[in-house]
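> Sequence:
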Amino acid sequence: MAELFAVTLITILAVISPGADFAMVTRNSYLHGRRAGLCAALGIALGVLIHVGYTILGVGVLIATSPAMFTVIKYVGALYLIYIGFCTLRSKTELTPATDNIAVLSGSASFRQGLLTNALNPKTTLFVLSTFTQIVSPDTSFMLQSGYGFFMALVHWIWFSLVALFFSQQTLRHKMLSKQGPINRTIGSILMLLGASLALSPMAS
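In numbering that gives the first Met the number 0, the protein residues as written are 0 to 204.
What the hints contain is simulated information worked out from the structure, not anything from laboratory work. One or more hints might be untrue.
What the hints assert, rightly or not - With beta-carbon atoms standing in for the labels, derived distance ranges:
| no. | residue 1 | residue 2 | range |
| --- | --- | --- | --- |
| 1 | L153 | G106 | 18 to 24 Å |
| 2 | L199 | L161 | 30 to 36 Å |
| 3 | G52 | A195 | 26 to 32 Å |
| 4 | A5 | G52 | 19 to 25 Å |
| 5 | G57 | C86 | 18 to 24 Å |
What the hints assert, rightly or not - With a cut-off of at most 25 Å between alpha-carbon atoms, the simulated SDA-like pairs for lysine to any residue come out as follows:
| no. | residue 1 | residue 2 |
| --- | --- | --- |
| 6 | K122 | T132 |
| 7 | K174 | M68 |
| 8 | K174 | L104 |
| 9 | K122 | L78 |
| 10 | K174 | W158 |
| 11 | K122 | Q133 |
| 12 | K122 | F141 |
| 13 | K122 | L192 |
| 14 | K122 | M68 |
| 15 | K122 | S200 |
| 16 | K122 | M191 |
Bear in mind the structure is a predicted one, so any value in this text is a computation, not a measurement. All C-beta atoms in this analysis are idealised placements derived from N, C-alpha and C, irrespective of residue type, glycine included.
With the hints as extra help, turn the sequences into a complete structure.
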């Protein structure tokens, strides 16, 4: 029970901490609507399962003990965030409630963005690795470890689905669309800053 409580607590605290996933879901939800936001949330949840999968299989230990491999993951993830942030920052497309369906992001594209944002984030790598190495006992069965992993993914999916539902509310979304220039610049800048801070962080050392 102590192990379950610890996994639950650290997962909730990790998922509600604002970061790249939050910025991505907010961006897709207000710009492209509820479906895009929910697809991004689903992609994030699958990204968590990828981290859990390689951690349980032991590949996570290899990543954690290989500075070169971890550095590659870190820089690829950082560059992806900077790229998405730059595209958002420089976007000239002005969507309105009447025309936004013309330039809507497809569900599959939004899903991929959510998946890549999470799967390429070394902070999520560290979160999953630390949970399974510091909290979960080596004697814990494979089935229970898998259960913990699915729980982590489920919490991410629920939380970011709620974020998507909130920012895709018609009234709020219309207000945000009316000010999409400064909002896009803000979100784009945040994503680029997150990418830069990720690239400059000493996590791989």
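> Within a Cα-Cα threshold of 25 Å, do K122 and M191 meet the stated pairing?
It holds: about 16 Å lies between the C-alpha atoms, which stays within 25 Å.
> Are K122 and T132 close enough, with their CA atoms no more than 25 Å apart?
holds, 15 Å
> For the hint 30 to 36 Å, verify it against the beta carbon of L199 and that of L161.
holds, 31 Å
> Is 19 to 25 Å respected by the C-beta to C-beta distance linking A5 and G52?
Given range 19 to 25 Å: holds, Cβ gap about 21 Å.
> Against the 25 Å threshold, does the CA-CA distance of K122 and M68 hold or violate the hint?
holds, 14 Å
> Are G57 and C86 spaced within 18 to 24 Å by their CB atoms?
violated, 36 Å
> Compare the distance between the alpha carbons of K174 and L104 with 25 Å, and conclude whether the hinted pair is satisfied.
The hint holds at about 19 Å.
> Run the distance test for K122 versus L78: straight-line Cα separation, threshold 25 Å.
holds, 15 Å
> Do the Cβ positions of G52 and A195 conform to the proposed distance bound of 26 to 32 Å?
holds, 29 Å
> Range hint 18 to 24 Å: satisfied by the CB atoms of L153 and G106?
With a Cβ separation near 20 Å, L153 and G106 satisfy 18 to 24 Å, so the hint holds.
> Compare the distance between the alpha carbons of K122 and F141 with 25 Å, and conclude whether the hinted pair is satisfied.
holds, 24 Å
> Is the straight-line distance between the alpha-carbon of K174 and that of M68 25 Å or less?
violated, 44 Å
When each numbered hint is compared with the structure, violations occur for hints 5 and 7.
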